[in-house]
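Visitor: Chains as they are written, first to last, in this note's numbering: chain A, 394 to 576; chain B, 158 to 229.
Chain B is faced by these chain A residues, among others (derived, beta-carbon under 10 Å):
{"#": "1", "residue": "L404"}
{"#": "2", "residue": "V429"}
{"#": "3", "residue": "L433"}
{"#": "4", "residue": "D494"}
{"#": "5", "residue": "D497"}
{"#": "6", "residue": "A501"}
{"#": "7", "residue": "L502"}
{"#": "8", "residue": "S519"}
The set of hints was computed from the structure by calculation and includes no laboratory data. Even for Gly, the Cβ is constructed at its ideal location relative to N, Cα and C.
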Amino acid sequence: MAQEPDFRRELIAIIPNLRAFAASLAGSFDRADDLVQETLVKAWDKQHTFQPGTNLKAWLFTILRNEFYTQMRKKGREVQDVDGIHAMQLAGHPEQQGHLDLQDFRKALDQLPDDQREALILIGASGFSYEEAAEICKCAVGTIKSRVSRARTRMSDLLGIEGDGEFGPDSISSQIIGVAPAA
Amino acid sequence: MEDRDNREGAQPQPQPDTASGGSTDLGSSSAIGKRLKAYYDDVASEPVPDRFLSLLDALDAAESASKTPRQG
Chain A
394 MAQEPDFRRE
404 LIAIIPNLRA
414 FAASLAGSFD
424 RADDLVQETL
434 VKAWDKQHTF
444 QPGTNLKAWL
454 FTILRNEFYT
464 QMRKKGREVQ
474 DVDGIHAMQL
484 AGHPEQQGHL
494 DLQDFRKALD
504 QLPDDQREAL
514 ILIGASGFSY
524 EEAAEICKCA
534 VGTIKSRVSR
544 ARTRMSDLLG
554 IEGDGEFGPD
564 SISSQIIGVA
574 PAA
Chain B
158 MEDRDNREGA
168 QPQPQPDTAS
178 GGSTDLGSSS
188 AIGKRLKAYY
198 DDVASEPVPD
208 RFLSLLDALD
218 AAESASKTPR
228 QG
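Could you put together the complete structure from these sequences and hints?
Guide: Set out below in structure tokens:
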């Protein structure tokens, strides 16, 4: 009676997403899982403040994100200068195909400013709408849009992808132009 | 959510307005979008570690204990 068994079940269902988001923020699995743990404890403590029927996933992401930035402020930016190590730690499973691809992607992602990286992840991977992402990041929808846009441009540059995401005639022509190998 | 046999008639997925500056588009047909998903799903597809299940059990138990009215 004291609590909703549903709440626990729903938390568990969202944990994989929380871990992926945390990993993208924190840079290492250990730190990511510590963040998730803190998030679960906090969420449990204030579950009475969650309004059933609203977006639990967004609520949890907000808690996790707040926790991340609180920790960052406490610890300072020690994270920044170990990008290479993070990329190694997050490289995933060596036997898996596309391993190098992911590693490159992770390295590129690490070079984005935090606000752009989180916007990119929330919109492009976690499946949030711009409105939801804006609420999670406590900023305007337009701000999220411009962060995502800048992040995409930067990622395209870093990964050497030409004309990414421009659909329609423009993208076709730019792909044709981009096809010629530089060598 | 397979829409494959739905190739005629209404399109079930709303199309983002890519024509008017689709620079924020991260759909599956964008190269960045695809890699982003792959990167994210690499972590998100892992099973929930036991430590979190134990944690929730512990939180649950602690809460039940603290909220149980004293008998007698």
